[in-house]
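**Q** Chain order of the listed sequences is L and A.
What the first sequence shows, in our numbering, is residues 5 to 274, in sequence order.
What the second sequence shows, in our numbering, is residues 4 to 223, in sequence order.
Calculated directly from the structure, the hints in this document are not laboratory data.
All figures in this text were calculated on a predicted structure; none of them were measured in a lab.
Be careful, since some hints might not be right.
What follows is a set of in silico ranges between Cβ atoms, one per label pair, in the way DEER data are often shown [stated by the list, open to error]:
1) A:Leu-206 with L:Ser-197: 27 to 33 Å
2) L:Gln-106 with A:Gly-81: 56 to 62 Å
3) L:Lys-142 with A:Val-48: 35 to 41 Å
4) A:Arg-222 with L:Asp-110: 30 to 36 Å
5) L:Ser-197 with A:Leu-199: 54 to 60 Å
6) L:Ser-91 with A:Ile-210: 40 to 46 Å
7) A:Pro-120 with L:Arg-150: 23 to 29 Å
8) A:Leu-219 with L:Glu-100: 32 to 38 Å
9) L:Lys-142 with A:Thr-58: 27 to 33 Å
10) A:Leu-49 with L:His-47: 55 to 61 Å
11) L:Gly-101 with A:Ser-114: 43 to 49 Å
12) A:Leu-49 with L:Ser-170: 26 to 32 Å
13) L:Lys-142 with A:Asn-89: 45 to 51 Å
14) L:Glu-99 with A:Ile-210: 47 to 53 Å
Ideal placement from N, C-alpha and C gives every residue a C-beta, glycine not left out.
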Amino acid sequence: MSIDPESMSDSVIDPHLMVRYVPAMGEPLVVMSKVNKHFGDLHVLRDIDLEVGRGEVVILIGPSGSGKSTLCRTINRLETFESGSISIDGKPLPEEGKELAQLRADVGMVFQSFNLFAHKTILENVTLGPIKVRRQSKAEADKRARELLERVGVQAQASKYPAQLSGGQQQRVAIARSLAMSPKVMLFDEPTSALDPEMINEVLDVMVELARSGMTMIVVTHEMGFARKAANRVVFMSDGQIVEQAPPQEFFTTPKTDRAKDFLSKILTH
Amino acid sequence: MIDILTEYNVLGAFVETLKYTVLAAIGSLVIGTLVAVMRVSPIGVLRGLGTFYVTTIRNTPLTLLMVLSILGLAFIVGLQLSEDFNANTFRWAVVMLSVYHAAFVAEALRSGVNTVPTGQAEAARSIGLTFGQSLREVILPQAFRGAIAPLGSTLIALTKNTTVAQVIGGSEAAGLLSTIVENEGSSYGAFLIIALGFVILTLPTGIAFTHLSERLAVRR
Ligand SMILES: Nc1ncnc2c1ncn2[C@@H]1O[C@H](COP(=O)(O)OP(=O)(O)O)[C@@H](O)[C@H]1O
Ligand SMILES: [Mg+2]
Numbered sequence: 005m006s007i008d009p010e011s012m013s014d015s016v017i018d019p020h021l022m023v024r025y026v027p028a029m030g031e032p033l034v035v036m037s038k039v040n041k042h043f044g045d046l047h048v049l050r051d052i053d054l055e056v057g058r059g060e061v062v063i064l065i066g067p068s069g070s071g072k073s074t075l076c077r078t079i080n081r082l083e084t085f086e087s088g089s090i091s092i093d094g095k096p097l098p099e100e101g102k103e104l105a106q107l108r109a110d111v112g113m114v115f116q117s118f119n120l121f122a123h124k125t126i127l128e129n130v131t132l133g134p135i136k137v138r139r140q141s142k143a144e145a146d147k148r149a150r151e152l153l154e155r156v157g158v159q160a161q162a163s164k165y166p167a168q169l170s171g172g173q174q175q176r177v178a179i180a181r182s183l184a185m186s187p188k189v190m191l192f193d194e195p196t197s198a199l200d201p202e203m204i205n206e207v208l209d210v211m212v213e214l215a216r217s218g219m220t221m222i223v224v225t226h227e228m229g230f231a232r233k234a235a236n237r238v239v240f241m242s243d244g245q246i247v248e249q250a251p252p253q254e255f256f257t258t259p260k261t262d263r264a265k266d267f268l269s270k271i272l273t274h
Numbered sequence: 004m005i006d007i008l009t010e011y012n013v014l015g016a017f018v019e020t021l022k023y024t025v026l027a028a029i030g031s032l033v034i035g036t037l038v039a040v041m042r043v044s045p046i047g048v049l050r051g052l053g054t055f056y057v058t059t060i061r062n063t064p065l066t067l068l069m070v071l072s073i074l075g076l077a078f079i080v081g082l083q084l085s086e087d088f089n090a091n092t093f094r095w096a097v098v099m100l101s102v103y104h105a106a107f108v109a110e111a112l113r114s115g116v117n118t119v120p121t122g123q124a125e126a127a128r129s130i131g132l133t134f135g136q137s138l139r140e141v142i143l144p145q146a147f148r149g150a151i152a153p154l155g156s157t158l159i160a161l162t163k164n165t166t167v168a169q170v171i172g173g174s175e176a177a178g179l180l181s182t183i184v185e186n187e188g189s190s191y192g193a194f195l196i197i198a199l200g201f202v203i204l205t206l207p208t209g210i211a212f213t214h215l216s217e218r219l220a221v222r223r
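Here chain A stands alone, though its shape is the one from the complex (with noise of 0.2 Å):
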C-alpha cells in the first residue's frame, strides 16, 4: 500500500477529482437555476422545455453522456473545446458532468421551491415586484435555504461521478486506479485508498450541508 502512495500520484488524481467537482458543481448550479426558473415559469413552452431537461437527463447514463460527448460531439461534428487533448478531455467531462448534474440540481431547488408557500409569491406580487424580481428577491432565495439538503447530496453524488470521467480518459482518481490496476495487478490495497480517498472527499460535505440547512433554515 506504501508502495502505491509513492510509485504513484494519488494526491494529484485528488487533486484533478477536486477540480472536475468544483467547476461541474458550479456549471450544474448554473444550468440547474436555469432549468428550475423554466420549470416554474409561467410560459407553458419553457416549463415544457424545462420538464424534457429533466426526464431525459436524467434518464440517460451519465457513462454514455461522457462517450456521446467525445466520440459524437468532439470527434464526428469536431466540437472540440481545446486544441490540446488533454484539456479537450478535461472541458467535455465538465460539461457533460455539469450537464448532467443540473437535472438533480433543477429538481433540488423544485423541491425547495415547493418549501415556499405560495403567500410569499403573492405578497412580492402585490408589491408591484415583476416575475424576474420575486424569483429573485423572495422565491429563490428561500428555494435554496429548502434545497440545501437535497443539493448536498447532488454534490456528493457529483464527487463520486467524477469517476466517470475515466472512460473518456480524464485523468482522476478513478483514473489513476485504472492505471494501478493495469501495471501492478488488482490489489486490494490500490482499492482502499481510492476509496478512503473519496470518503476524505465526501464525509465533509455531507456533515457542512447537514450543518448549513439546519443553520440556514427559513425559520417560518
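Bound-form chain L, shown alone (with noise of 0.2 Å):
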C-alpha cells in the first residue's frame, strides 16, 4: 500500500482505501471543532479542531500529559468538555442516556490495559455488547465472535478466562471485542504500551490488516513502525494543542516546529 503524501492533506482518503470504500462525501466522519477541556485549572484541551475521513488511520503522538487519552476519550464521551462540538457521521454526540450509549456502541474503543470482563469468558466478552446493544441472537453473536477470535489469532482461548491469557492475547481479545459492535471508528489509546515486548507486534499487525481493511481509526501510539507502516497522518500534540500534522514520512522526517523536533529527538535517541 502506498501513500501518497499529496493526497494526505486535510481529510482526504488514503486512494488506495478509495477503491474499497465509498469516498467521504461531505462531511468526514469525526470532526472536533474548538473543543475545549480542563480538569480542574489545568486546560487538558485547547481549542481542538481535527477532522478524520472514512477510512483513514489518524496517529496521536506527543509527551506525556499533552492531552492524546484526553482528546480520545472526549470522542466517545468517557470525558466530558466544556465547549465546542464533536459530532460523529454527522450527528453530534449526545449527552447522555440512551442515545449516548446508542452512539459508544459506534465508537470502538479499546485499551492500554485491556479491560476486558474479567468475569467473563473471552467469548462472552466478545458477544456481550452484540446480544445486549444490538440485539443480536445468542447463536448469530457466538458465530460472528468465533470468526472475530480466529481474525485475531486468539480462537483457541474462547472458553478462558482474560486473566488466563497473556497481554497480547488479551489485547486482541479487546479488539475483537470491538469490532463485534461493527464500529464506524476505533480509538486506540496506547494499545501496547502495557505489553511485554514479544508480545507488540501481534497486536501491531492485527491494527496494521484492521488499517488496510478500511477502518477508520485515531490511534494514540509511539510506535513509528506502525505509524510509518498504517498511517495515513501523525496528530502532534503538546500541552493540549494540536502543534502540527503531516503524513508520517514528512512528520518524521522533517517536523517543523520546535516542539516537534525536541520530542522526536528525545523519542528517537531512546
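Quick one: dock chain against chain with the hints and give me the complex.
**A** Here it is in C-alpha cells:
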C-alpha cells in the first residue's frame, strides 16, 4: 500500500482505500471543533480542531500529559468537555442516556490496560455487546465472535477467562470485542504500552490488518513502525494543543515546529 | 440440660430463627442491592438518599426499629401486616431485620464495587451498554464476588440479631430462652443450649462464605 503524501492533507482519504470504500462525501466521519476541556485549573484540551475522514488512520503523538488520552476519551464521551463540538458521522454527540450509549456502540475503544470483563469468558466478552446492545441472537453473536477471534488469532482461547491469557492475547481479544459491534471508527489509547516487548508485534499486526481493511482509526501510540506502515496522518499534540500534523514520513523526517523536533529527538534517541 | 431439651421445643425455636434469618437475608439483599445501586448512581438525589438510608439505619439500634414497628407502625398508625397477632409480629420482625441489615449489605456491596477497577465500567460503556446494563452485566456480578466475605459477616450478624425479634414477642430461640428462664429460673444449661444452637447455625455459614469468596474471586 502506497501513501501519497500529497493526498494526505486535511481529510482526504488514502486512494488505495477508496477503491473498496465509498469515499467521504461532504462531512468527514469525526469532526472536533474548538473543543476545550479543563481538569480543575488544568486546561487539558485547548481549541482542538480535528477532522478524520472515512477509512483514515490518524496517529496521535506527543509528550506524556499532553492530552492525547483525554482527546480520545472525549470522542466517545468517557470524558465530558466544556465548549466546542464533536460529531460523528454528521451527528453531534448526545449528552447522556440511551442515545449516548447508542453512539458509543458505533465507536470502538481499545484501552492500554485491555479492560476485558474479568468475570466473563473470552467468547462472552466478545458477544456481550452484540447480544445486549445490537440485540443479536446468542447463536448469531457466537458465530461472529468466533470468526473475529480467529481473525485476531485467539480462537483457541474462547472458553478461557481473561486472566488466563497473555497481555498480547488479551489486547487482541479487546480488539475483537470492539470489532464485534461493527464500529464506524475505532480509538486506540496506547494499545501496546502495557505489553511485554515480544507481544507488541502480534497486536500491531492485527492493527495494521485492520487499517488495511479500511477501518477508520485514531491511535495514540509511539510505535513509529506502525505509524509508517499504516497511518495516513500524524497529529502531534503538546500542552493540550494540536501543534503540527503531517503524513508520517514527512513528520518523522522533517518536523516543522521546535516542539515536535524536540519531542522526536527524545523518542528517537531512546 | 436434658430436661430442657425434652420439655421445650428447642428445635422448633431454632427452625423459627432460621425462618427469620432466611427471609430477612433475602429481604436485606434486595433492599441492600437497591440502596447500593442508588449510592453509585450518577443521579445526585438518589446518591443522597442512599447515603441517608445507610447512615440513619446503621446508627439506629435494631431494638428501637423493632419497637417502632410494632408500637409505632402496627398499633398507632394501624399498619397491620396480618390479622393474626403472631403472624403480624413475625412479618414486622422480618421487615425490620431486612431494613436494618440492608444498610450493611449496601455497605458490603459498595466495598465490592470498589474492588472493580474503573476500566471495567469504561469498557462496558464503550461498547454501548447503558448505565443499567453496565451495572447488571459487569459491575454488580464482580461487586458481589468481591463482597462475599463482608456479606457473610452480615449474614452471621443477621442470624444472631434475629434474637432481637424477641422484644416484640417473636418466638425464636431467644424467645424460648426467656420462656425457659421465666419457668425454670436462670440456668447455665439453657444458656449453653441456645448459645450452642447459634454456633451450629453460624459456623457453617462462616466456613461456606470463606470457601465461596475464594472460589468465586474474580481473577485479574
Ligand atoms: N481524571 C483526571 N483528573 C485530573 N487530571 C487529569 C485526569 N486525567 C488526566 N489528567 C491530567 O490531564 C493531563 C492530560 O492527561 P492525558 O490526556 O492522560 O495525557 P496523555 O495521554 O497525553 O499522557 C495530564 O496532566 C493529566 O495529569
Ligand atoms: Mg495517555
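**Q** Take the hints in turn and mark each one as holding or not.
**A** Hints and how they fare:
1. A:Leu-206 with L:Ser-197: 27 to 33 Å: 49 Å, violated
2. L:Gln-106 with A:Gly-81: 56 to 62 Å: 49 Å, violated
3. L:Lys-142 with A:Val-48: 35 to 41 Å: Given a distance of about 37 Å, which is inside 35 to 41 Å, the answer is holds.
4. A:Arg-222 with L:Asp-110: 30 to 36 Å: Roughly 32 Å apart at Cβ, these two residues keep to the hinted range, so it holds.
5. L:Ser-197 with A:Leu-199: 54 to 60 Å: 59 Å, holds
6. L:Ser-91 with A:Ile-210: 40 to 46 Å: 58 Å, violated
7. A:Pro-120 with L:Arg-150: 23 to 29 Å: At roughly 27 Å between Cβ atoms, L:Arg-150 and A:Pro-120 fall inside 23 to 29 Å, so the hint holds.
8. A:Leu-219 with L:Glu-100: 32 to 38 Å: 33 Å, holds
9. L:Lys-142 with A:Thr-58: 27 to 33 Å: 43 Å, violated
10. A:Leu-49 with L:His-47: 55 to 61 Å: 32 Å, violated
11. L:Gly-101 with A:Ser-114: 43 to 49 Å: 29 Å, violated
12. A:Leu-49 with L:Ser-170: 26 to 32 Å: 41 Å, violated
13. L:Lys-142 with A:Asn-89: 45 to 51 Å: 49 Å, holds
14. L:Glu-99 with A:Ile-210: 47 to 53 Å: 50 Å, holds
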